[in-house]
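Make a model of the complete structure from these sequences and hints.
Quick note, the sequences are listed as chains A and B, same order.
The first sequence begins at 30 in this note's numbering and counts up one residue at a time.
The second sequence begins at 8 in this note's numbering and counts up one residue at a time.
Hints in this document: simulated from the structure, not taken from any laboratory.
Every clue listed holds true.
Simulated pairs of lysine-lysine, BS3-like, Cα-Cα distance not exceeding 25 Å:
| # | chain 1 | residue 1 | chain 2 | residue 2 |
| --- | --- | --- | --- | --- |
| 1 | B | K104 | B | K293 |
| 2 | B | K104 | A | K152 |
| 3 | B | K301 | B | K104 |
| 4 | B | K301 | A | K152 |
| 5 | A | K172 | B | K276 |
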Amino acid sequence: MTTTDVPVSTSVAGDRRAMLMRLAPWAVIIAALFVLPQVLDDFWVSRVTGWIPLAVAALGLNLLTGYNGQISAGHGALFGLGAYAAALTINAREGNFLLGILVAAVVCFFAGIIIGLPALRIKGLYLALVTLSVATLFPDLLKQFESITGGSQGLRITSSQEYRGELQEFLVEWKAPSWSGLTDTQWKFYVLLVVAIVCFLMVRNLVNSRMGRAIVAVRDNEVAAEVNGVAVARVKVITFGLSSALAGVGGALFALKELQLSPNSFVLTISLYFLVAVVIGGPATVLGPAVGAVVYGFFNDVINQEVLPERFKPATPLILGVALILLMLVAPGGIMGLVRQFGAWLSRRRTPPPITRKASS
Amino acid sequence: MIGFQLSEFLQYGVIGVGNGALYAMVGLGLVVIYRSTGLLNFSQGEIAMFSTFVVWQLHDLGFPLPLALIAGMVAGALFGAVVFRVAVQPVGDPHTKPLAVVIVTIGLFLGVNAGAQLIWGTGDRNMPKLFGGGAVQVGDLSIAWQKIGAVAVLAVEVIVLYVVFRRTKLGLAMRAVASNPESSALSGVPVSRILLVGWGLAAALGAVAGTFAAPDRGLNSSLMLLILVYSFAAITLGGFDSLVGAVVGGLVVGVVTEVLPRYVSFLSKMPLAPAFVLILLVLLVKPEGLFGSKQVSRV
Chain A
30 MTTTDVPVST
40 SVAGDRRAML
50 MRLAPWAVII
60 AALFVLPQVL
70 DDFWVSRVTG
80 WIPLAVAALG
90 LNLLTGYNGQ
100 ISAGHGALFG
110 LGAYAAALTI
120 NAREGNFLLG
130 ILVAAVVCFF
140 AGIIIGLPAL
150 RIKGLYLALV
160 TLSVATLFPD
170 LLKQFESITG
180 GSQGLRITSS
190 QEYRGELQEF
200 LVEWKAPSWS
210 GLTDTQWKFY
220 VLLVVAIVCF
230 LMVRNLVNSR
240 MGRAIVAVRD
250 NEVAAEVNGV
260 AVARVKVITF
270 GLSSALAGVG
280 GALFALKELQ
290 LSPNSFVLTI
300 SLYFLVAVVI
310 GGPATVLGPA
320 VGAVVYGFFN
330 DVINQEVLPE
340 RFKPATPLIL
350 GVALILLMLV
360 APGGIMGLVR
370 QFGAWLSRRR
380 TPPPITRKAS
390 S
Chain B
8 MIGFQLSEFL
18 QYGVIGVGNG
28 ALYAMVGLGL
38 VVIYRSTGLL
48 NFSQGEIAMF
58 STFVVWQLHD
68 LGFPLPLALI
78 AGMVAGALFG
88 AVVFRVAVQP
98 VGDPHTKPLA
108 VVIVTIGLFL
118 GVNAGAQLIW
128 GTGDRNMPKL
138 FGGGAVQVGD
148 LSIAWQKIGA
158 VAVLAVEVIV
168 LYVVFRRTKL
178 GLAMRAVASN
188 PESSALSGVP
198 VSRILLVGWG
208 LAAALGAVAG
218 TFAAPDRGLN
228 SSLMLLILVY
238 SFAAITLGGF
248 DSLVGAVVGG
258 LVVGVVTEVL
268 PRYVSFLSKM
278 PLAPAFVLIL
288 LVLLVKPEGL
298 FGSKQVSRV
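So this is what it looks like as structure tokens:
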């Protein structure tokens with residue numbers, strides 16, 4: 030038995046303050062995101078909108094890889110599955126976006142369960158290998174099932190409208206409702222943002238729950254988790270399902286943003302970029318995937334498009350690759366890990382040593 | 008089967024064997040790395056692609072192709088060794104920290120790929136054929152010299168590797184490090200340098216495979232992407248730590264992925280599917296593959 034110093038909160042007011050401190054970053058981030066479209070012009074709002082699907086998909090991958098320790102290099106396939114499921118649903122049901130997102134989530138949840146079952150036996154590096162080959166295979170699958178997916182031609186989200194007395198298919202458009210006073214682009218941003226925030230809050234609650242602790246316990250030591258009454262197999266398979274469902278929602282958001290899909294959007298590299306976002310942002314942190322998606326988006330849409338001259342465009346993946354390796358060597362906790370360390374360092378300097386009591390554990 | 012012709016079937020088989028030889032070459036590199044460091048190197052293909060560009064560049068500068076190939080192998084070996092020392096080794100043991108190792112090899116994958124695009128652009132380069140464009144006619148069959156050459160070179164590679172591993176002190180050290188790094192270090196084997204040699208060797212094998220693959224597929228930064236997946240299928244089937252397995256697996260995967268899609272219309276647009284099914288089934292049913300050694304884990 031060891032004794033440790035445990036900080037003790039002195040009062041109820043202190044508890045309340047601590048809770049406020051915990052919620053403050055969330056409030057600031059959400060507020061900033063809602064103000065953003067008012068500051069940027071529509072062109073940039075549209076580009077930033079493109080980062081949201083990536084953030085949600087990375088959130089899903091983080092649940093699996095960061096919290097549960099199962100490596101997937103193939104979440105791009107689930108992202109694509111979600112995108113196509115949403116697009117097909119919306120086409121069949123005359124533009125019901127919400128239904129599209131829900132169907133994508135459900136389809137990908139079950140797809141994830143199906144992949145999660147063999148993953149019980151295939152672990153670590155080998156799981157990365159299997160998922161990597163799923164990701165490579167996925168665009169070919171889309172081309173093979175051309176009658177459903179439109180093959181290389183791609184798939185457009187359309188609705189039929191009357192044009193010169195005939196019913197014709199037109200690309201669906203985003204229309205901001207008139208009461209909102211927003212441009213169509215701003216409206217699209219807000220809709221995607223709200224879906225993303227709901228996803229992030231759900232994951233935050235999940236990882237703080239009993240199930241969340243089980244997910245982490247399985248990652249840290251499967252045998253110990255099993256001995257402590259965690260149903261390891263069930264936890265792993267369900268985590269795979271939930272993670273895939275989130276990747277599917279990300280894909281659905283991607284479909285809603287782009288309104289047309291093609292197999293080229295779902296090649297292997299997109300799976301790798303999800304991993305990049307998770308690792309750069311901070312594995313096993315709730316906000317990490319969002320931070321990672323912003324960093325990736327910043328590289329892709331700002332530095333690559335605006336800063337680098339044409340000749341040096343391919344440099345972006347090079348920078349990301351080097352950053353990835355450096356982070357793994359120097360700061361495996363990613364940006365969120367660094368932020369946390371910085372915060373801890375600040376609070377050590379600012380506050381006097383906490384009142385402690387001896388506690389045995 | 009309607010319209011089945013033996014000669015046609017054999018012709019596809021020949022093409023498959025030619026491809027399979029490439030998968031086996033890359034597979035040999037993967038096996039060498041797996042044996043020494045226990046790692047599935049996802050950046051193997053990209054390092055091979057990079058070395059192939061070096062071969063092309065030297066040839067373009069006026070060196071004869073065989074000489075350029077040897078120089079490219081040396082350059083690739085140095086590159087592989089540096090990459091291992093700078094990026095892979097510091098991360099730690101792949102079995103205790105699989106995520107970190109996967110991430111680093113994926114970082115390498117992205118970085119090396121982008122590096123090649125930066126230097127050589129995104130268009131296709133023309134790589135001449137090492138064994139010329141001719142073919143041998145055997146009855147109805149036409150067998151390209153390039154394919155015969157690939158199989159012959161593969162055979163040479165296997166013999167050289169066998170001799171190195173079984174008959175030299177270096178090979179003994181490599182086997183020792185593979186079986187127990189700590190004891191080998193205590194017996195005076197320079198473990199770190201031996202691992203470096205393994206990575207160099209693997210990269211050199213990749214340069215050869217790339218030089219054979221480039222003329223038909225066009226030399227660009229995505230040259231090795233699919234080949235890598237097929238090679239992984241090959242070593243999964245053969246066993247991750249078996250050189251013989253890599254060769255047998257490579258040839259089987261080459262033939263199966265060439266022949267099946269020709270006759271099964273369901274697979275016509277996805278030759279990768281059989282390779283994927285193979286990887287999945289072998290890992291589920293017989294994870295050590297056909298020739299690999301069984302892994303026993305202690306709790």
